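Trainee: Please put together the full structure from these sequences, using the hints given.
Here the protein sequences come in this chain order: V and L. Just so it is clear: in the first sequence, position 20 is 20 by this note's numbering, and no numbers are missing. Just so it is clear: in the second sequence, position 10 is 10 by this note's numbering, and no numbers are missing.
In short, the hints are calculated from the structure, not lab data. Bear in mind the structure is a predicted one, so any value in this text is a computation, not a measurement. Be aware that one or more of the hints could be misleading.
[Claimed, not checked] Label pairs and their computed distance ranges (CB to CB):
id	chain 1	residue 1	chain 2	residue 2	range
1	L	G53	V	S200	49 to 55 Å
2	L	G74	V	G219	30 to 36 Å
3	L	P147	V	Q25	31 to 37 Å
4	L	S27	V	D167	33 to 39 Å
5	L	S27	V	T5	42 to 48 Å
[As the list claims (entries may be wrong)] Calculated Cβ distances over 10 Å to all of chain L for the following chain V residues:
id	residue
6	L9
7	D20
8	H26
9	T29
10	S34
11	E35
12	W66
13	E188
14	Y202
15	S222
16	F228
17	P231
18	D233
19	Y249
20	R252
21	H255
Just so you know, even glycine gets a beta-carbon here, dropped at the ideal spot from N, CA and C.
Here is how the chains run, residue by residue.
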Amino acid sequence: MTHVTDEVLAALALGDPDVDPADRQHAETCPLCSEEVAELASVHGLLREEAGMRGAHRVDPGPHVWQRILAATGDDVPAAQEPAAADGSTVEGPVEPVASGSSGPSDRPAVPSLAARRAGRQSRRSWWLAGTAAACLLIGVLVGRAVWAPGETSESVVATVPLTTLDASKQKEGTAELLGNQGSQGQELRIDTRPMSSGSGYVEVWLINTDGKRMVSLGVLSGTEATFPVPPDALAQGYTIVDLSREQYDDRPQHSGDSIMRGTLPV
Amino acid sequence: MSRVTDIERADTETTRGALALAEALASGSRDALSECYRLWGPLVMGIAARSLGSRQDAEDITQQVFVSAWQSRGTLRPSESALPAWLIGIARRRVADEYARRARAMRNSRAVAANTAPGADVEGSDAVDRLVDRVLLREAVDQLSEPRRTVLNLAYVEDRTQEDIAKQLDLPLGTVKSHMRRGLLQLRRELLQGWEGGDR
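Mentor: Below, the structure written as structure tokens:
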């Protein structure tokens with residue numbers, strides 16, 4: 001039999017009892033039609049779920065968000081073109097505009113100034129970061145202690161992570177130490193591994209982004225111990241997975257895909 | 001309700017000038033960016049706010065989406081439906097990134113302590129998708145023509161039976177059923193369109 005019409009598919013998804021039995025039977029046994037019904041039923045389900053949400057699905061971001069977008073994309077748009085320019089506030093330029101709640105007619109609730117917002121954010125963030133950094137440091141020290149002799153961890157060690165094989169055994173083959181102050185430039189990564197064979201090639205050290213796509217090469221590891229500078233901001237950008245790979249002298253400068261060990265630095 | 005007029009304005013203008021707007025943005029017009037923000041900024045913000053539960057994070061995401069849209073405007077392939085789908089695609093990814101970042105922040109501190117290497121994954125991405133879909137459905141229902149919009153609103157928001165709706169709107173029951181079915185089909189199409197902005 002031929003496929004049922006879209007309207008019948010929708011009726012089935014809506015649980016309409018009056019659907020022709022032959023149509024119903026077809027839709028239940030035909031893989032294509034039953035897939036369609038399931039898809040429509042999920043839209044139906046989402047609509048029912050959403051019915052409980054009384055909140056608006058459109059939310060006014062407020063004029064300061066547009067000002068931040070302007071600041072981040074350049075400053076060549078006159079303030080008159082600000083889409084939400086109902087309050088007549090002006091855009092000062094590419095630097096953070098000194099928006100103030102008192103500028104312009106105030107028939108709308110005062111928006112906190114960008115500076116105040118920034119300040120608020122930063123204090124919240126830095127508090128949070130400080131907490132995390134302290135926790136990481138503590139964990140780093142604890143792991144470090146477990147790994148090496150006590151006292152060998154220097155004050156500048158921000159974090160220590162084990163480097164393990166990628167197979168299920170997760171055998172520990174080495175250690176990566178992040179040196180320097182968290183959040184500042186000039187961080188370094190010290191790699192310390194068991195002796196390993198690189199065959200006819202060499203071992204390369206990478207920082208892989210947690211998005212699984214981007215990576216930076218830190219350099220070549222000869223021997224079992226070396227320290228590499230970490231590009232500024234790399235960790236904040238998500239390049240937190242330390243990876244050692246076996247590379248050949250070939251025409252492919254990118255990662256060979258042959259990872260020997262990995263570890264993930266705390267953010 | 002200013003929201004209603006906003007949507008209606010968005011409605012007429014998106015159908016009229018969506019292609020021209022997409023072309024203008026792709027060719028680097030700041031006016032076009034401003035117009036996009038006016039039309040879809042609240043929608044992007046709504047998606048972010050709903051997904052992240054924090055106004056500040058939602059504002060950050062909204063900012064990122066439009067900055068990113070500006071920076072990658074060269075990748076936009078202008079068509080009548082391209083712009084909102086494209087912006088929503090960017091919003092989806094930014095929200096998913098933020099979810100992943102939050103999950104990672106939690107997991108990393110645990111993982112280091114537990115001496116295990118965390119794998120890269122995107123926990124909660126399905127939850128994000130559902131939330132985004134629901135917001136898009138709200139938007140799509142609002143854009144249905146009458147009386148379909150009212151029929152669906154009565155059925156879903158007010159949970160009324162089809163017989164009830166027929167009586168209230170003074171429509172034959174068959175017409176109400178037909179609006180429900182076609183409405184559902186139409187909403188599915190809209191939702192699928194919202195997914196077209198999948199990759200950048």
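Trainee: Does each hint hold? Answer for all of them.
Mentor: Going through the hints against the structure:
1. Our hint of 49 to 55 Å for G53/L and S200/V holds, since their Cβ atoms are close to 54 Å apart.
2. For the hinted restraint 30 to 36 Å between G74/L and G219/V, the CB-CB distance of approximately 34 Å keeps it satisfied.
3. Taking the beta carbon of each, P147/L and Q25/V are about 33 Å apart, inside 31 to 37 Å as hinted.
4. With their beta carbons about 51 Å apart, S27/L and D167/V fall outside the hinted range of 33 to 39 Å.
5. Between S27/L and T5/V the beta carbon distance is about 43 Å. The supplied range of 42 to 48 Å therefore holds.
6. In this structure L9/V is not separated from chain L by more than 10 Å, as the shortest Cβ-Cβ distance comes to only about 8 Å.
7. No beta-carbon of chain L is positioned within 10 Å of the beta-carbon of D20/V; the least distance is around 14 Å.
8. Residue placement check: H26/V keeps its beta carbon more than 10 Å from all beta carbons of chain L (closest about 17 Å).
9. For T29/V, the condition that its CB be more than 10 Å from all CB atoms of chain L holds, with the nearest at approximately 21 Å.
10. Separation of S34/V from chain L is adequate, the least Cβ-Cβ distance of about 15 Å exceeding the 10 Å criterion.
11. The Cβ of E35/V sits about 12 Å from the closest Cβ of chain L, beyond the 10 Å cut-off, so the non-interface label holds.
12. Distance check on W66/V: its Cβ comes as close as 6 Å (rounded) to a Cβ of chain L, failing to clear the 10 Å threshold; non-interface status is violated.
13. The claim that E188/V is not at the interface with chain L holds, since no C-beta of that chain comes within 10 Å of its own (minimum 18 Å).
14. Distance check for Y202/V against chain L: the nearest CB is about 23 Å away, which clears 10 Å, and the non-interface claim stands.
15. The non-interface label for S222/V is consistent with chain L: the shortest C-beta to C-beta separation is roughly 24 Å, beyond 10 Å.
16. Under the 10 Å C-beta cut-off, the non-interface status given to F228/V relative to chain L holds; the minimum distance is some 19 Å.
17. For P231/V, the shortest C-beta to C-beta distance to chain L comes to about 19 Å, beyond the 10 Å cut-off, and the non-interface label holds.
18. Every CB of chain L lies more than 10 Å from the CB of D233/V, the least distance being 15 Å, so the non-interface label holds.
19. At roughly 29 Å from the closest C-beta of chain L, the C-beta of Y249/V stays outside 10 Å, upholding its exclusion from the interface.
20. Listed as outside the interface, R252/V is consistent with that label: its C-beta sits roughly 23 Å from the nearest C-beta of chain L, beyond the 10 Å cut-off.
21. With a minimum CB-CB distance of about 15 Å to chain L, H255/V clears the 10 Å threshold, and the non-interface call stands.
Hints 4, 6 and 12 from the earlier list are contradicted by this structure; the remaining hints agree with it.
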